[in-house]
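Student: Using my numbering, read the sequence shown as starting at 2 and increasing by one per residue.
Some hints here could point you the wrong way.
[Said to hold, decoys possible] Keeping only pairs whose Cα atoms sit at most 20 Å apart, straight-line, the calculated EDC-like set for lysine to aspartate or glutamate is: (1) K133 - E77; (2) K133 - E206; (3) K124 - E77; (4) K139 - D40; (5) K208 - E57; (6) K120 - E146; (7) K139 - D122; (8) K205 - E180; (9) K124 - D99; (10) K124 - E95; (11) K208 - D49; (12) K63 - D30; (13) K178 - D122; (14) K139 - E32; (15) K120 - D30; (16) K208 - D99; (17) K205 - D55; (18) K63 - E77; (19) K120 - E165; (20) K120 - D99; (21) K112 - E95; (22) K124 - E57; (23) K193 - D122; (24) K157 - E32; (25) K139 - E165; (26) K139 - E206; (27) K124 - E32; (28) K72 - D93; (29) K120 - E147; (30) K112 - E57; (31) K157 - D40; (32) K133 - E146; (33) K72 - D108; (34) K124 - D30; (35) K205 - E77; (36) K133 - D108.
[To be verified] Distance ranges between label pairs, derived from CB positions: (37) H104 - K208: 25 to 31 Å; (38) L154 - P182: 42 to 48 Å; (39) H105 - S37: 32 to 38 Å; (40) G156 - H105: 25 to 31 Å.
Since the hints were derived computationally from the structure, they do not count as laboratory data. Using N, Cα and C, we set each Cβ at its ideal position, and we do this for glycine too.
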Amino acid sequence: MRNFLFVSVVAFGLLATSCASSIRSGCGDTERVLLSRTDIPSVIVATDSLQTFDMEISFFGKHLNGMMLIKRQDPETVRILVNSYFGMSMADFEMRTDTFVVHHLLDAMNKPLVVNLFKNDFKLLLGLYLPKHFSAQKSLCNQLEESISIETLQGKYQYRINRENQNIVRIKAPGIKVEIPFHSSPRTTTLKHRGLLSPTIVIKEMK
2 MRNFLFVSVV
12 AFGLLATSCA
22 SSIRSGCGDT
32 ERVLLSRTDI
42 PSVIVATDSL
52 QTFDMEISFF
62 GKHLNGMMLI
72 KRQDPETVRI
82 LVNSYFGMSM
92 ADFEMRTDTF
102 VVHHLLDAMN
112 KPLVVNLFKN
122 DFKLLLGLYL
132 PKHFSAQKSL
142 CNQLEESISI
152 ETLQGKYQYR
162 INRENQNIVR
172 IKAPGIKVEI
182 PFHSSPRTTT
192 LKHRGLLSPT
202 IVIKEMK
């Protein structure tokens, strides 16, 4: 019952998301460039090896904790599992560029708005929403960073990227802001869903 109430409030909060604002503070003039999907680094790079992450969903004083496992099954398919630390399966997703399959999801979480949240978040983290080739606005921000802005059918996606190591520092996209502190160890990704009652998801790499 508590899980049901928690997820219901999360779903309600998703209705209140707002548009992304600019993250070009301190950046210079922009230039139009042609890029490919591989020119934008992924927050999470799925590989043939199993990767493990600590995952926490926080909302309105409630917290759900678990372990997220990600593995590339073939060149086009990524499998995502989320288990509780007590061994209970919470979610099992299969993702491709154009499809998102829910193999399993807790009944309390299996709501259209929650499924759509997971789909959009993982597409953003894995870089799967981008077309193979696209036009973008690019500008230098300081000695280490650059800004890239991309217009898509879903809205504007803005990236702040460290040019030395090609790691993403920040993303602003429709309804969400992503932050990856440069010196965080273990590497920590925070997803803040904008709106009056929207969840925060924290993903930490596990060694």
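Student: Taking the hints in turn, state whether each one holds.
Tutor: So, going through the hints one by one against the coordinates:
{"no.": "1", "hint": "K133 - E77", "verdict": "holds, 13 Å"}
{"no.": "2", "hint": "K133 - E206", "verdict": "violated, 28 Å"}
{"no.": "3", "hint": "K124 - E77", "verdict": "holds, 13 Å"}
{"no.": "4", "hint": "K139 - D40", "verdict": "holds, 12 Å"}
{"no.": "5", "hint": "K208 - E57", "verdict": "holds, 17 Å"}
{"no.": "6", "hint": "K120 - E146", "verdict": "violated, 28 Å"}
{"no.": "7", "hint": "K139 - D122", "verdict": "violated, 24 Å"}
{"no.": "8", "hint": "K205 - E180", "verdict": "holds, 12 Å"}
{"no.": "9", "hint": "K124 - D99", "verdict": "holds, 10 Å"}
{"no.": "10", "hint": "K124 - E95", "verdict": "holds, 11 Å"}
{"no.": "11", "hint": "K208 - D49", "verdict": "holds, 16 Å"}
{"no.": "12", "hint": "K63 - D30", "verdict": "violated, 43 Å"}
{"no.": "13", "hint": "K178 - D122", "verdict": "holds, 10 Å"}
{"no.": "14", "hint": "K139 - E32", "verdict": "holds, 5 Å"}
{"no.": "15", "hint": "K120 - D30", "verdict": "violated, 34 Å"}
{"no.": "16", "hint": "K208 - D99", "verdict": "violated, 31 Å"}
{"no.": "17", "hint": "K205 - D55", "verdict": "holds, 5 Å"}
{"no.": "18", "hint": "K63 - E77", "verdict": "violated, 35 Å"}
{"no.": "19", "hint": "K120 - E165", "verdict": "violated, 30 Å"}
{"no.": "20", "hint": "K120 - D99", "verdict": "holds, 11 Å"}
{"no.": "21", "hint": "K112 - E95", "verdict": "holds, 17 Å"}
{"no.": "22", "hint": "K124 - E57", "verdict": "holds, 18 Å"}
{"no.": "23", "hint": "K193 - D122", "verdict": "holds, 10 Å"}
{"no.": "24", "hint": "K157 - E32", "verdict": "holds, 16 Å"}
{"no.": "25", "hint": "K139 - E165", "verdict": "holds, 16 Å"}
{"no.": "26", "hint": "K139 - E206", "verdict": "violated, 29 Å"}
{"no.": "27", "hint": "K124 - E32", "verdict": "violated, 26 Å"}
{"no.": "28", "hint": "K72 - D93", "verdict": "holds, 12 Å"}
{"no.": "29", "hint": "K120 - E147", "verdict": "violated, 27 Å"}
{"no.": "30", "hint": "K112 - E57", "verdict": "holds, 19 Å"}
{"no.": "31", "hint": "K157 - D40", "verdict": "holds, 17 Å"}
{"no.": "32", "hint": "K133 - E146", "verdict": "violated, 24 Å"}
{"no.": "33", "hint": "K72 - D108", "verdict": "violated, 24 Å"}
{"no.": "34", "hint": "K124 - D30", "verdict": "violated, 29 Å"}
{"no.": "35", "hint": "K205 - E77", "verdict": "violated, 25 Å"}
{"no.": "36", "hint": "K133 - D108", "verdict": "violated, 35 Å"}
{"no.": "37", "hint": "H104 - K208: 25 to 31 Å", "verdict": "holds, 27 Å"}
{"no.": "38", "hint": "L154 - P182: 42 to 48 Å", "verdict": "violated, 31 Å"}
{"no.": "39", "hint": "H105 - S37: 32 to 38 Å", "verdict": "holds, 34 Å"}
{"no.": "40", "hint": "G156 - H105: 25 to 31 Å", "verdict": "holds, 30 Å"}
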